[in-house]
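J.: Okay, here's what each chain looks like letter by letter:
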Amino acid sequence: MALIELREVTKSYRRDAIEIPVLDHLSITVGEGDFLGLMGPSGSGKSTLLNLLAGIDRPTRGSVRIGDTVISSLSERALAAWRARHVGFIFQLYNLIPVLTAFENVELPLLLTNLSKAQRRDHVLTALGIVGLADREKHYPRQLSGGQEQRVAIARAIVTDPTLLLADEPTGDLDAKSAGEVLTLLQRLNQEFKKTIVMVTHDPHAAERATHLLHLEKGTLVERHEPIDVEQMPAVGLGAGRTS
Amino acid sequence: MKYIGLVLKSVRRSRRRTALTTLSVAIAVFLFASLQAVLDGFDAVAAASSSTRVVTIRSTSMIFPMPSSHVETIRSTPGVQEATWANWFGGIYKDPKNFFGQFAIDPESYLRMYPEVILTPEDKKAFMEDRTGCIVGDGLAKKYSWSLGDRIVIQPGIPIYGSQDFAFTIRGIYKAGSSAVDNQSMMFHWKYADERSSQKGLVGWIVAQVADPDRAAQVAIAIDQRFANSPYETKTDTEKAFSASFGKMLGNLNVLLGSVALAVVITTLFVAGNTMAMAVRERTTEIAVMRTLGFPAATIFALVVGEGLVVAVLGGVIGSVLARLVINAEFLGMAGGFIPAFSVGNRNVAIGLGLSALIGILAAMLPAVMASRLKVVDALRRVA
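One line per chain: the protein sequences are A and B, in this order. Our numbering puts the first residue of the first sequence at -10, with every later residue one more than the last. Our numbering puts the first residue of the second sequence at 1432, with every later residue one more than the last.
Accuracy of the hints is not assured; some may be wrong.
In silico EDC-like links for lysine to aspartate or glutamate, alpha-carbon gap of 20 Å or less [as the list claims (entries may be wrong)]:
no., chain 1, residue 1, chain 2, residue 2
1, B, LYS1433, A, GLU126
2, B, LYS1666, B, GLU1503
3, A, LYS106, A, ASP150
4, A, LYS183, A, ASP5
5, B, LYS1573, B, ASP1526
6, B, LYS1806, A, ASP5
7, B, LYS1440, A, GLU8
8, B, LYS1433, A, GLU93
9, B, LYS1525, B, ASP1596
10, B, LYS1631, B, ASP1537
11, B, LYS1806, A, GLU8
12, B, LYS1671, B, ASP1643
13, B, LYS1433, A, ASP5
14, B, LYS1440, A, GLU93
15, B, LYS1631, B, ASP1668
16, A, LYS183, A, GLU206
17, A, LYS166, A, ASP150
18, B, LYS1631, B, ASP1581
19, B, LYS1806, B, GLU1713
20, A, LYS183, A, ASP164
21, B, LYS1671, B, ASP1471
22, B, LYS1528, B, GLU1547
23, B, LYS1806, A, GLU65
24, B, LYS1555, B, ASP1569
Looking from chain A toward chain B, a few residues come up when the C-beta cut is under 8 Å (computed) [stated by the list, open to error]:
no., residue
25, ASN40
26, ILE45
27, PHE78
28, LEU89
29, PRO98
30, LEU100
Covered by chain A, according to a simulated footprint, are these stretches of chain B (three or more residues, beta-carbon under 8 Å) [what the hints assert, rightly or not]:
no., region
31, 1437 to 1447
32, 1454 to 1463
33, 1800 to 1811
None of these hints come from the bench; they were simulated from the model. Where a beta carbon is used, it is the ideal one built from N, C-alpha and C, also for glycine.
Make the full structure from the sequences, and use the hints.
T.: Here it is, written out as structure tokens:
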């Protein structure tokens, strides 16, 4: 069974009396362990699609199922609990809390669990270790580079071991070197830790790291690349690679 | 408890803003506790007043005197055991700003009826035997560094006592045995004042001791009936009501001071509310991120309210402690005469802290609702 299934999803926004369609009868499936790249021009609906998958927005029509849960029919409260358990979100602008240290930022989603302080600490240090920033746990975001901030944000996204990682242009604000490191890290999370990832990107080089690609235009699917041959992809760092 | 760190980090985010908000709450609580202390002072006097004493004044107003012959009439009223009298002297010690109560009394009967005026037997004897002698409260003696045997000169403040200064010798320093008597007053022989008065034989008020406190109201009516249709009709009430009437001479204090306190608290509420709203507005993205991470709306609401609570209660603690240390009549030199002894007690500190908590919760309520109802997608789009 596919991990993600969208059926006839339509999303439109109201601006005064005008209804603006963003997604139009979109149906897609994403398998467990896939690394899906979502591409398309601005306004094509890719971020809206990502928000629907994250459960921070609701479709106007149609259904969104993630795993066994039809999230489009959950209440706000249930949806928040579902997000906390199943979704790790990576933002373009990192969106770390500036008054919290790297450790505290990563610990944030764990505050919603029943873990003890010691257990939370173990989880946070593991996540920071995976992104290569265990030695920066006491640093504040302003004391980190953009690439390091994004890696802390990735640690925050994976610390709860979510079902699904969603990344909204995770390299959009980074230089080429940092972008490469972040993409390598995502690729490692997909290949080594079997994380299902959906990544919105404008960058064709970033899209190359995905195992599957969808191209959206005006809210509809115009191209589907199935699947990308990762053996042909550039070598990755951090000791990552295809594990299957 | 695991969220307290988050709340404290948010509080420390803008230290200047937090400090100013805390200070505004501290000032509000300080003022509230201070004004409440004054009101409590009047209440304490009334509460400590004897239930076996009734006070008779002129029916028109207590500023008008009545003949001393009223004393004997009252003494002979059924149910009355004893009576004494006093006059308000209203003199000036060196400078008008040195205000304190001066009462011309009949020493023997007055001290018998007011055991709360505590004197040593030696001081009492010395006072009784000296026509120009006086007794002063220990608070007043301390304020002016007076001791036994000191001579003090008071300039009359009421025209009937002429313009010539009155000289007194301090023969006793009394302690106040209850709030019904303040330790910031001076008492001297009524005869000394009366012999130099242009209107002889007048008394300001008469205090009667009743045998049965349950019959005090009936005795009061009986006293007034004895002077009905005379040129000097009277109004007799319990000592408690009489004490309260002193406060009323300064206006409706409850309404006046209560209004000031309320205005200060409401203003502070708006200031704190605006600050909280600003703080939350600046953190729209962070709140949206937390919601994306799975923080429920209720938790976001509690975090914002918690932040308001911490800032306001901190201000409340500062304001209450400051009021406790600074506000007391003796320290401020405000006691004496109509102003009873007052200070900020534990109850007022607790009310101040409760009030600050209420300010914190109310000020944070609207921003907290806004934060918890934030549309995550819109908030994230605003920044992206």
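J.: Take the region 1437 to 1447 of chain B, compare each residue's beta carbon with every beta carbon of chain A, and decide whether three or more fall closer than 8 Å.
T.: Since three or more residues must qualify, the claim that chain A covers the region 1437 to 1447 of chain B holds, with 5 doing so at under 8 Å.
J.: Could you grab the alpha-carbon distance between LYS1666 of chain B and GLU1503 of chain B and see if it respects the 20 Å cut-off?
T.: Holds, at about 16 Å.
J.: Holds or violated: LYS1440 of chain B and GLU8 of chain A, Cα atoms, limit 20 Å.
T.: 42 Å, violated
J.: Starting from LYS1806 of chain B, check that the Cα of GLU65 of chain A is at most 20 Å away, please.
T.: 11 Å, holds
J.: Quickly compare the C-alpha distance for LYS1631 of chain B and ASP1668 of chain B to 20 Å and report which way the hint goes.
T.: It is violated: about 26 Å lies between the C-alpha atoms, which goes past 20 Å.
J.: Quick one, is the PHE78 of chain A hint okay against chain B at 8 Å, beta carbons?
T.: 5 Å, holds
J.: For LYS1631 of chain B and ASP1581 of chain B, compute the direct alpha-carbon distance and say whether it is at most 20 Å.
T.: Violated, at roughly 28 Å.
J.: For the hint on PRO98 of chain A, just tell me whether its beta-carbon gets within less than 8 Å of chain B.
T.: 5 Å, holds
J.: Regarding the hint that ASN40 of chain A lies at the interface with chain B, is the smallest CB-CB distance below 8 Å?
T.: 5 Å, holds
J.: CA of LYS1433 of chain B to CA of ASP5 of chain A, is that 20 Å or under?
T.: 43 Å, violated
J.: With the threshold set at 20 Å, check whether the alpha-carbon distance from LYS1573 of chain B to ASP1526 of chain B stays at or below it.
T.: Distance of about 18 Å is within 20 Å: holds.
J.: Keeping to a limit of 20 Å between CA atoms, is the pair of LYS1806 of chain B and GLU1713 of chain B held or broken?
T.: Cα-Cα ~15 Å, so holds.
Hints 4, 7, 13, 15, 16, 17, 18, 20, 22 and 32 from the list above are not met by this structure, while the remaining hints are.
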